[in-house]
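2 protein chains.
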Amino acid sequence: MGRTSTARERLLEATGDLMRSRGYSSLGVAEICARADVKKGSFYHFFESKQALTVEVVDAYWRGELACWNGALAGPEPALERLRRLLDGMADVQRRTKETSGTVDGCLLGNLALELSTQEPGVRARLEEIFDEQIALVAGVLAEAAAEGAVPADRATHATARAVIAQVEGMVLLAKLKNDPTVMDDLWPHALMLLGA
Amino acid sequence: MGRTSTARERLLEATGDLMRSRGYSSLGVAEICARADVKKGSFYHFFESKQALTVEVVDAYWRGELACWNGALAGPEPALERLRRLLDGMADVQRRTKETSGTVDGCLLGNLALELSTQEPGVRARLEEIFDEQIALVAGVLAEAAAEGAVPADRATHATARAVIAQVEGMVLLAKLKNDPTVMDDLWPHALMLLGA
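Chains Y and R supply the protein sequences, listed in that same order.
The first sequence begins at 1 in the numbering used here and counts up one residue at a time.
The second sequence begins at 1001 in the numbering used here and counts up one residue at a time.
The reader is advised that the hints may include incorrect statements.
[Unchecked claim] Each computed PhoX-like pair below joins lysine-lysine, with the alpha-carbon atoms no more than 25 Å apart: (1) Y/Lys40 / Y/Lys50; (2) Y/Lys50 / R/Lys1178; (3) R/Lys1039 / Y/Lys178; (4) Y/Lys98 / Y/Lys178; (5) R/Lys1050 / R/Lys1039; (6) R/Lys1039 / R/Lys1098.
[Said to hold, decoys possible] Restraint ranges, calculated between C-beta atoms of paired labels, are given here: (7) Y/Ala147 / R/Pro1189: 47 to 55 Å; (8) R/Ala1060 / Y/Ala153: 44 to 52 Å; (9) R/Asp1154 / Y/Gly89: 39 to 47 Å; (10) Y/Ala147 / R/Gly1196: 20 to 28 Å; (11) R/Gln1119 / Y/Gly41: 26 to 34 Å; (12) Y/Thr100 / R/Asp1154: 34 to 42 Å; (13) R/Ala1153 / Y/Glu48: 56 to 64 Å; (14) Y/Ala143 / R/Trp1188: 22 to 30 Å; (15) Y/Ala147 / R/Ala1147: 24 to 32 Å; (16) R/Phe1046 / Y/Asp59: 38 to 46 Å.
None of these hints come from the bench; they were simulated from the model.
On a predicted model such as this, the values are computed, not experimentally measured, just so you know.
For glycine and all other residues, C-beta sits at the position ideal for the given N, C-alpha and C.
Modelling step: build the complete structure from the supplied sequences, incorporating the hints.
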């Protein structure tokens, strides 16, 4: 019974682990079940499809990430300092993954966005909501930075926030391609350029 | 005999077409052969593996892209104007793909970089060379822009060129995620911010 009660969680965790480095299409249900130690017949008791499972994996991943985002962006420090803490944290994640697994795995959300946007509408829709939420969080901290006089008012916009997120995803792509997390060291100085700060 | 002599080219073309929208892992050799109208048994006469085929597809794609890059970057115009022509051309590609296929398919090279960097070392290595070549081309035009006084000398660097390429790839990711090529309209103003121009 203990095993049954956690099979769903094990499937979510196994899929998250495998998908971070391998993406969606190369994973089969059989492999996910083997990693989770769940009988293949049970899979469809918990999830109607690999796509439905993936949406839940994405949700769980973003819940964890969002806690980090909120932790980084909260506090009494000036807004730009909090934004820097957020972006430095993203660089740290790539560094730690390289140290533990040997590879820069990139961002699960960005990986799936490029792999699945033209193929899996349900996953794409959820990823779009999450990226919109990220852009809104950055735009919020930019508005605070502008109020503090640290960023020109005409840079405290949704468009600038989106460019910062684009810069993050592009740098993560190049870090993954080179399997070199130090590529991310360039993120903050270039984010400052985008902010005109 | 005519058919035999072009089977290789048909396999390359079919794979390029399928891979641009679908990525690598979701494609099987059988599907590629069906699209190319080539018997599956012949596939391994031409390519030792799907990975080997993919490296050739990437090469062919980049040869085509490079011709566009060189066309955009050549000419008597000021360097920044030529760089803008290059980036506007990238936005046009996404717009045209949306018009013809209904979806923003993104950049084959960026798609494969995120999907395969941790999985297919041969493809990864070739993609790394191509992105290095892109960064060098942008760095070259930034050096010209600096000589013309259009960009501060301390911005005419490899790091800035890499940040511009990261911005391109990040914006393409967000355009693909939203299936909205107008996201790319933001590319040039943000590239100018990165250049301090």
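Against the structure, the hints come out as follows:
no.	hint	result
1	Y/Lys40 / Y/Lys50	holds (12 Å)
2	Y/Lys50 / R/Lys1178	holds (22 Å)
3	R/Lys1039 / Y/Lys178	violated (37 Å)
4	Y/Lys98 / Y/Lys178	holds (11 Å)
5	R/Lys1050 / R/Lys1039	holds (15 Å)
6	R/Lys1039 / R/Lys1098	violated (32 Å)
7	Y/Ala147 / R/Pro1189: 47 to 55 Å	violated (23 Å)
8	R/Ala1060 / Y/Ala153: 44 to 52 Å	holds (48 Å)
9	R/Asp1154 / Y/Gly89: 39 to 47 Å	violated (28 Å)
10	Y/Ala147 / R/Gly1196: 20 to 28 Å	holds (25 Å)
11	R/Gln1119 / Y/Gly41: 26 to 34 Å	holds (29 Å)
12	Y/Thr100 / R/Asp1154: 34 to 42 Å	holds (36 Å)
13	R/Ala1153 / Y/Glu48: 56 to 64 Å	holds (59 Å)
14	Y/Ala143 / R/Trp1188: 22 to 30 Å	holds (24 Å)
15	Y/Ala147 / R/Ala1147: 24 to 32 Å	violated (40 Å)
16	R/Phe1046 / Y/Asp59: 38 to 46 Å	holds (43 Å)
Against the hints set out earlier in the document, violations occur for numbers 3, 6, 7, 9 and 15.
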